Amino acid sequence: MKNCLKRTGCPSIGELQNSPAFPKREDYLKGPIAVIECIEEIPCNPCETSCPKGAISIGKPITNLPRIDFDKCSGCGICAAACPGLAIYVKDYSYSDEEALITFPYEYLPLPKVGDTVTAAGRRGQEICRGKIIKVTQSKASNRTAMISMAYPKQFFDEVVTMKRLKAAE
Amino acid sequence: MNKVPLAVIGAGPAGLSAAIEAAKAGVKVLVLDENSKPGGQLFKQIHKFFGSREHKAGTRGFDIGTLLLEETKRLGIDVRLNTEVCGIDKDKNIWVIRNGKESSKIEAEAIVLASGATENAISFEGWTLPGVMGAGASQTMINVHRVLPGKKVVMLGSGNVGVIVSYQLLQAGAEVMAIVEAAPTLGGYGVHTAKVCRAGVPFYTSHTISKVIGKNSVEAVEIVQLDSSWQPVPGTEKLVEADTVCLATGLTPLVELAWIAGCEFCYIPELGGHVPIHDAYMETTVDRIFIAGDISGVEEASTAMEEGQLAGINAAAALGYIDGEERNRLSEQVWNKLDSLRCGVFGEKRKLAKERIIAAAKELVV
Amino acid sequence: MGRIIEHPILGNPEEKKKVKICVDGQELLVYEGEMIAAALIANGINIFRYTKHSHSPRGIYCGIGRCTDCVMVVDGIPNVRTCITPVKDGMVIERQQGVGKWGEKDE
Chain S
1 MKNCLKRTGC PSIGELQNSP AFPKREDYLK GPIAVIECIE EIPCNPCETS
51 CPKGAISIGK PITNLPRIDF DKCSGCGICA AACPGLAIYV KDYSYSDEEA
101 LITFPYEYLP LPKVGDTVTA AGRRGQEICR GKIIKVTQSK ASNRTAMISM
151 AYPKQFFDEV VTMKRLKAAE
Chain R
1001 MNKVPLAVIG AGPAGLSAAI EAAKAGVKVL VLDENSKPGG QLFKQIHKFF
1051 GSREHKAGTR GFDIGTLLLE ETKRLGIDVR LNTEVCGIDK DKNIWVIRNG
1101 KESSKIEAEA IVLASGATEN AISFEGWTLP GVMGAGASQT MINVHRVLPG
1151 KKVVMLGSGN VGVIVSYQLL QAGAEVMAIV EAAPTLGGYG VHTAKVCRAG
1201 VPFYTSHTIS KVIGKNSVEA VEIVQLDSSW QPVPGTEKLV EADTVCLATG
1251 LTPLVELAWI AGCEFCYIPE LGGHVPIHDA YMETTVDRIF IAGDISGVEE
1301 ASTAMEEGQL AGINAAAALG YIDGEERNRL SEQVWNKLDS LRCGVFGEKR
1351 KLAKERIIAA AKELVV
Chain L
2001 MGRIIEHPIL GNPEEKKKVK ICVDGQELLV YEGEMIAAAL IANGINIFRY
2051 TKHSHSPRGI YCGIGRCTDC VMVVDGIPNV RTCITPVKDG MVIERQQGVG
2101 KWGEKDE
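Protein chains in written order, with the numbering used here: chain S, 1 to 170; chain R, 1001 to 1366; chain L, 2001 to 2107.
Just so you know, these hints were derived from the structure itself, not from any lab. Where hints are given, some of them may not hold.
Below, a list of computed lysine-lysine pairs in the PhoX-like style, where the Cα atoms sit at most 20 Å apart [stated by the list, open to error]:
no. : chain 1 : residue 1 : chain 2 : residue 2
1   : S       : Lys135    : S       : Lys154
2   : S       : Lys164    : S       : Lys140
3   : R       : Lys1337   : S       : Lys60
4   : L       : Lys2088   : R       : Lys1101
5   : R       : Lys1151   : S       : Lys167
6   : S       : Lys140    : R       : Lys1056
7   : L       : Lys2052   : R       : Lys1037
8   : R       : Lys1092   : R       : Lys1028
9   : S       : Lys60     : R       : Lys1351
10  : S       : Lys164    : R       : Lys1151
11  : S       : Lys135    : S       : Lys113
12  : S       : Lys60     : R       : Lys1056
13  : L       : Lys2016   : R       : Lys1037
14  : R       : Lys1215   : L       : Lys2052
15  : S       : Lys30     : S       : Lys113
16  : L       : Lys2101   : L       : Lys2017
17  : R       : Lys1349   : S       : Lys6
18  : R       : Lys1024   : R       : Lys1037
19  : S       : Lys164    : S       : Lys113
Estimated spans, in silico, between C-beta atoms of each pair [to be verified]:
no. : chain 1 : residue 1 : chain 2 : residue 2 : range
20  : S       : Phe156    : L       : Asp2024   : 51 to 57 Å
21  : L       : Lys2017   : S       : Cys4      : 25 to 31 Å
22  : R       : Tyr1267   : S       : Asn18     : 24 to 30 Å
23  : R       : Asp1339   : S       : Pro20     : 54 to 60 Å
24  : S       : Asn18     : R       : Glu1348   : 19 to 25 Å
25  : S       : Lys167    : L       : Glu2032   : 54 to 60 Å
26  : L       : Glu2014   : R       : Asn1082   : 44 to 50 Å
27  : R       : Lys1215   : S       : Lys167    : 26 to 32 Å
28  : S       : Lys135    : R       : Ala1359   : 51 to 57 Å
29  : R       : Ile1358   : L       : Lys2017   : 50 to 56 Å
In this text the structure is predicted, and so the values were computed from the model without any measurement. Ideal placement from N, C-alpha and C gives every residue a C-beta, glycine not left out.
The whole structure should be built from the sequences, with the hints applied where relevant.
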């Protein structure tokens, strides 16, 4: 779908596949890797400067699209916590036989608890499947952005990018 | 009466950055601000800023505000709050009213005007109802005052302000029922719109608000589709339940003081309208009156801080505190940072607009 | 409308002293030093005045002291911009009708 991002608010898979930071199928076989959904030239490079492995390159000018070297990427998630646009998550296809694991940034309350079952959601916030919360962290470096790791059925690997926000406790 | 080498009007990111650079060069600086707290719009910005490390990318707006204030304090810069500037004459005498009561005159040798911008208003039936407000007003309420202005919000405008404030309304616990955009494409950065999409907020492109319904306050919002000539298409009206409408329909530079001081202007619609002409050193057509930030054209907080630095450096140079060579070196450093912020599809338009302003300044030089 | 208690970025609010204000005869406990408009909105009040000719209800618009849509009568003085005026203990606040009454209170 042409110009999906500017017409609807979120990118199409076609638009994402043009990005040098959007993994190809075979990249996912390496283990957990970062996925950057940033396809516009905006002046921004914390992903590049935060990566401890030097796996992300932007260079100059800083409006260049980020490029990931998936051989160097260890899926540590530091870039995902650093990205001001919350445009990065880490996906691990090989998490278990049945499940994949996604680690994504989250800046809402209430936070889920480890062990909770939540609704895993797609790019429009639509319900995709059930997810299980494996880890919830907030480091000083992540600057108040929580990182949530959620396991979900492998068959929904591509569609899930986040979880549905939880209602505040009454 | 007060005599001061440099008066900076506006204690937002541009003004504080200007004061800091001038004070670093040894200038005694007085910062004036009509508000009871400094920081301009910075303390409302609870999101992480973009840019590079030198632009403090990844730092939240309000943390940058705290850093600027700490630096201001460390340099012993005098910041006078609750001080409204009512006029500037051709000799750079500044008339102020303090605490709404005491008036006095400040004689300045140089001035930096950093008064920012104001939100635009769009009118439609029902726009005066309580519950209809600027997007910035709702942002002030939630992020500064920690108060929710409403629970169900319709946002008009999909530029960065509209989309970022929508995200912050969600974080504050409100529901954003719709983001309405008159153009066929969304204005804000894709990463911002995508973030809001993931929260399930619907976007309505080629739509506008036809009316707001309610007896004593907002109860519902009627939106309508627009055709390719921006005309409402009859029969496409849709009612959205809401108690709040936020207007994110652009900003206009607050340039009254520049008019009063006698600055020449040019009309740059991409940057918000009438802006004072300034050269590459942020000096207006009035000798030793400099401008920085949104008053010189609506951009972002990061460019405001860079322009502030540029104005501060050059005000210090004009007063003799920095020599020509050092002034050029420091100015070039700031220009490199400004250029990197004005790159890419979003920045290009602003870059060209700024070049037009500086070209207009060159044309006026006798 | 209401107060934001927990916030993912701002954290929990600081402890603040409470003060008593009177709004159109109703006593409210609000936080010392907060803006009148914020205190009212936190307590579900969003109509601040009625216009002179059409008696239309008005509330906040710009929120930063520029538009004057939020003016109310404060301690007898009309046209006070409530979005930038902090509350004080014992303050008396009234919905303004039109341009309000002038000259009835000594400074």
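Status of each hint after checking the structure:
no.	hint	verdict
1	Lys135/S - Lys154/S	18 Å, holds
2	Lys164/S - Lys140/S	25 Å, violated
3	Lys1337/R - Lys60/S	12 Å, holds
4	Lys2088/L - Lys1101/R	18 Å, holds
5	Lys1151/R - Lys167/S	13 Å, holds
6	Lys140/S - Lys1056/R	16 Å, holds
7	Lys2052/L - Lys1037/R	33 Å, violated
8	Lys1092/R - Lys1028/R	16 Å, holds
9	Lys60/S - Lys1351/R	17 Å, holds
10	Lys164/S - Lys1151/R	19 Å, holds
11	Lys135/S - Lys113/S	8 Å, holds
12	Lys60/S - Lys1056/R	17 Å, holds
13	Lys2016/L - Lys1037/R	18 Å, holds
14	Lys1215/R - Lys2052/L	17 Å, holds
15	Lys30/S - Lys113/S	29 Å, violated
16	Lys2101/L - Lys2017/L	32 Å, violated
17	Lys1349/R - Lys6/S	17 Å, holds
18	Lys1024/R - Lys1037/R	23 Å, violated
19	Lys164/S - Lys113/S	14 Å, holds
20	Phe156/S - Asp2024/L: 51 to 57 Å	55 Å, holds
21	Lys2017/L - Cys4/S: 25 to 31 Å	52 Å, violated
22	Tyr1267/R - Asn18/S: 24 to 30 Å	38 Å, violated
23	Asp1339/R - Pro20/S: 54 to 60 Å	24 Å, violated
24	Asn18/S - Glu1348/R: 19 to 25 Å	20 Å, holds
25	Lys167/S - Glu2032/L: 54 to 60 Å	32 Å, violated
26	Glu2014/L - Asn1082/R: 44 to 50 Å	22 Å, violated
27	Lys1215/R - Lys167/S: 26 to 32 Å	29 Å, holds
28	Lys135/S - Ala1359/R: 51 to 57 Å	55 Å, holds
29	Ile1358/R - Lys2017/L: 50 to 56 Å	51 Å, holds
Checked against the numbered hints above, the structure violates hints 2, 7, 15, 16, 18, 21, 22, 23, 25 and 26; every other hint is satisfied.
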